[in-house]
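Chemist: Take a look at the letters that make up each chain.
Protein chains: 2
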Amino acid sequence: MSQAAKRVCVIGAGPSGMSVLYHFHQLKTQGKEIPEIVCFDKQSDWGGLWKYSWETGTDKYGEPVHGSMYRDLWSNIPKECLEYPDYTFDEHFGKPIPSFPPRDVLYDYLKGRWSKGDLRPWIRFNHVIRQVTYNDSTDDFSVVAKDLLEDRMLPTQRFDHVIVATGHYSVPNVPFFPGIDQFPGRILHSHDFRNASQFKNKKVLVIGSRFSAEDIALQCVKYGAVNVVCTWRTKPMCFPLPPQITEKPLPTKIEGRTVHLKDDTTIEVDDIILCTGYLLSFPFLADNLRLKSTNVLYPPGLYKGTIWTQGGNNKLLYMGMQDQLYTFTMFDAQAKWAVNYITGEISLPDKQTMEDDCKEWVARMKELKEFFDEVDFQSAFVADLAKDTNYGYDLDIVKLVHVLIEHKMTDVTTYRDQSYTSMFTGTKSPVHHTPFIKAFDDSMKCFLDIKE
Amino acid sequence: MSQAAKRVCVIGAGPSGMSVLYHFHQLKTQGKEIPEIVCFDKQSDWGGLWKYSWETGTDKYGEPVHGSMYRDLWSNIPKECLEYPDYTFDEHFGKPIPSFPPRDVLYDYLKGRWSKGDLRPWIRFNHVIRQVTYNDSTDDFSVVAKDLLEDRMLPTQRFDHVIVATGHYSVPNVPFFPGIDQFPGRILHSHDFRNASQFKNKKVLVIGSRFSAEDIALQCVKYGAVNVVCTWRTKPMCFPLPPQITEKPLPTKIEGRTVHLKDDTTIEVDDIILCTGYLLSFPFLADNLRLKSTNVLYPPGLYKGTIWTQGGNNKLLYMGMQDQLYTFTMFDAQAKWAVNYITGEISLPDKQTMEDDCKEWVARMKELKEFFDEVDFQSAFVADLAKDTNYGYDLDIVKLVHVLIEHKMTDVTTYRDQSYTSMFTGTKSPVHHTPFIKAFDDSMKCFLDIKE
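Keeping their order, the protein sequence lines are chains A and B. Counting in full-length UniProt numbering, the first sequence runs from 1 upward without gaps. Counting in full-length UniProt numbering, the second sequence runs from 1 upward without gaps.
Keep in mind that the hints were calculated from the coordinates and are not lab data. Honestly, I wouldn't trust all of these hints.
[What the hints assert, rightly or not] Below, simulated SDA-like cross-link-like pairs (lysine to any residue); rule was C-alpha separation at most 20 Å, straight line:
1) A:K60 to B:K202
2) A:K200 to B:K202
3) A:K202 to B:N201
4) B:K253 to B:T234
5) B:K60 to A:Y278
Sequences are here, hints too, so could you generate the full structure?
Modeler: Next comes the structure, spelled out in structure tokens:
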């Protein structure tokens with residue numbers, strides 16, 4: 001089949017879906033023939049999680065809200081680890097900016113890259129996918145989308161490839177503790193956390209000990225919470241925390257506002273925030289196409305972490321379904337790999353080789369002990385994708401992540417005040433004019449007002 | 001087709017779906033042949049909204065939470081208006097109880113009636129319906145359900161009738177006001193309101209002026225909110241409110257915690273509760289089967305408010321999709337009518353007659369002016385269903401509703417302290433031992449501890 005006769009469906013116009021569109025467009029500008037691309041996104045604009053929404057629960061169309069973004073979010077990784085090789089921060093902002101930008105600044109950077117190509121015409125916004133099935137006889141997919149604006153289902157469309165780029169930080173994993181149903185305070189999942197000032201003067205219990213637990217606890221303290229107790233299942237965080245944040249093992253039961261913990265102590269709390277992660281959820285996919293996994297660095301069943309080898313004849317692809325230490329650049333390397341595969345520049349080995357490769361990664365993942373190991377594992381994963389496509393990924397970026405971890409080990413409240421050097425421009429970032437913990441105006445205008 | 005050869009799918013095991021099952025079971029105990037019944041419910045037990053859930057957003061399976069129930073809810077209509085003719089409150093509780101029971105007491109009553117027949121084996125709990133389509137050639141429906149416990153789709157099942165009893169107070173209607181996306185306080189829809197103590201010491205803005213606005217405002221004041229401002233779109237509430245609750249027209253814009261209102265005044269608020277109603281939402285139904293309506297007393301396209309005349313050959317039925325003044329008894333009269341229709345005891349007139357009948361009701365609805373008129377309209381609707389089935393509905397119940405409204409006109413904080421007389425047993429209810437506004441223990445044990 002010629003490339004031009006092919007049809008590719010991309011589900012989701014967030015960073016991973018947009019990277020797919022971007023790399024198809026790159027090929028097109030190089031004069032290569034590419035398939036017809038149709039990207040569906042249920043939101044009204046591109047950005048995925050980076051499109052901040054004040055809404056929680058369901059949106060105005062009754063669809064579950066995609067966003068888990070909070071207004072006060074600042075990057076928790078230096079922008080130098082998120083930098084696209086072919087679109088640097090210096091290029092976008094026209095000047096050096098500090099290493100840990102707030103939400104809106106990062107979103108602006110993303111939009112800058114996406115706006116370089118003519119990608120928008122490929123996207124059907126306000127369209128949610130209701131059903132994807134694979135047709136054995138014709139070796140293609142049937143896709144049913146709903147037009148939310150017109151409140152109607154579109155006729156079934158056929159595609160040769162489907163790329164699932166819907167993200168996996170949108171559908172909360174919700175635990176239960178005896179008595180939580182009688183707790184008189186507020187209970188929310190981090191998915192519904194929108195800003196920390198709502199927790200001013202509150203005693204907050206956070207369930208969880210990973211990135212969102214750490215950052216939401218820090219945000220609450222920054223915005224005036226009395227104290228925060230974070231609770232861990234397997235182990236406490238490995239970073240020193242400010243005195244208002246303490247760590248405890250998980251609750252055993254809740255009685256009124258009193259929370260009983262596994263170490264036989266009790267605490268009194270006003271509100272409970274469940275930073276308990278997310279489910280991989282694809283209600284629109286037929287069972288034989290559906291990835292089932294917890295949030296791990298290498299979900300099983302995906303060759304190169306990307307191709308669904310269990311059904312759909314290797315024509316169904318998943319983007320970014322890994323637990324994420326890297327984000328934008330990982331999606332981008334993966335997207336370029338996916339685009340090269342679909343356009344025939346990469347061909348697959350036999351089924352056994354693919355399964356063996358996948359098993360090897362999964363086995364390696366199971367041996368990981370420390371956080372540093374996890375970083376190295378994901379670096380290797382990205383490098384493995386990058387080498388097949390000559391993606392301009394600088395392997396030394398992993399060193400920046402190690403430096404980041406060292407900074408966090410020193411003080412979790414100050415690591416965002418540090419400066420990093422871009423691997424691509426050599427620019428050393430300026431230090432932000434205000435330390436993170438004292439910076440309450442995180443608008444782009446304020447952030448970019450850099451003292452030279 | 002013999003009744004025994006027919007298959008009926010009931011979607012939802014709340015009060016309306018359970019009434020359908022109950023009346024099929026009644027026929028069975030009378031020795032009549034009935035169809036095969038399969039009821040699906042996504043929750044783990046029966047009750048619909050009456051099964052209280054502490055969760056908000058999505059549940060542990062990633063499905064949108066059905067419940068909009070709050071823990072402190074007490075009936076806002078005397079139980080004498082909700083009483084099943086064939087299962088009185090006296091029979092269930094073995095003694096007279098006060099007229100305005102809290103949530104758990106009403107749920108207990110419902111479960112008592114449902115437990116009279118052997119209904120549970122008909123229900124597949126933890127099953128969500130993903131797709132319903134009508135097959136022209138075979139004049140039946142294809143239904144796809146997902147087993148949530150096993151995380152798999154079931155093979156397509158065929159049914160002769162589908163009864164949609166999923167309720168319509170589960171998917172929020174979410175309005176937008178300029179600046180609401182920057183509001184630093186908490187914003188929630190009444191769907192996510194779980195208890196009023198979360199609003200102690202808060203200044204609360206309620207958007208809305210109907211039943212949930214009134215009751216949630218009252219609950220907040222009862223549990224210690226500083227004050228509540230309720231805002232109306234078309235008109236203020238017609239009931240006198242306690243001094244802590246005031247009424248204003250809708251916001252025009254929001255700046256920080258300052259809310260600008262249509263009367264050019266401003267207020268400062270901590271939290272915003274959207275009591276802005278719900279969407280009729282049936283994402284699982286094919287477009288030609290899907291009722292599209294706002295929340296009105298007579299949604300168009302439903303003959304007898306029940307039969308979908310626009311597709312599915314009059315074999316698709318909707319339960320309780322009306323705006324609800326009556327609830328349990330309306331669903332029950334409607335369920336008996338539906339069961340009698342499916343078993344052939346009621347036959348339909350020609351299409352034109354049905355459409356004319358429907359249009360007449362819709363036209364009559366549009367003429368309604370006052371709240372009393374609405375009550376009379378829905379009473380007439382229930383009576384119309386009841387007369388076709390000899391349902392033992394006492395038309396004089398409407399008089400109780402009029403008395404209720406008079407009580408609310410006097411004092412919205414005390415109307416629940418009044419006593420009503422059952423139409424079926426003649427029992428005058430005892431007065432509750434504690435006035436509603438001072439009753440903070442609404443457990444069944446406390447409520448039923450009646451001074452004789």
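Chemist: Each of the hints needs a verdict: does it hold here or not?
Modeler: Hints, one by one, checked against the model:
no.	hint	result
1	A:K60 to B:K202	27 Å, violated
2	A:K200 to B:K202	13 Å, holds
3	A:K202 to B:N201	13 Å, holds
4	B:K253 to B:T234	18 Å, holds
5	B:K60 to A:Y278	10 Å, holds
Checked against the numbered hints listed earlier, the structure breaks hint 1 alone; every other hint is satisfied.
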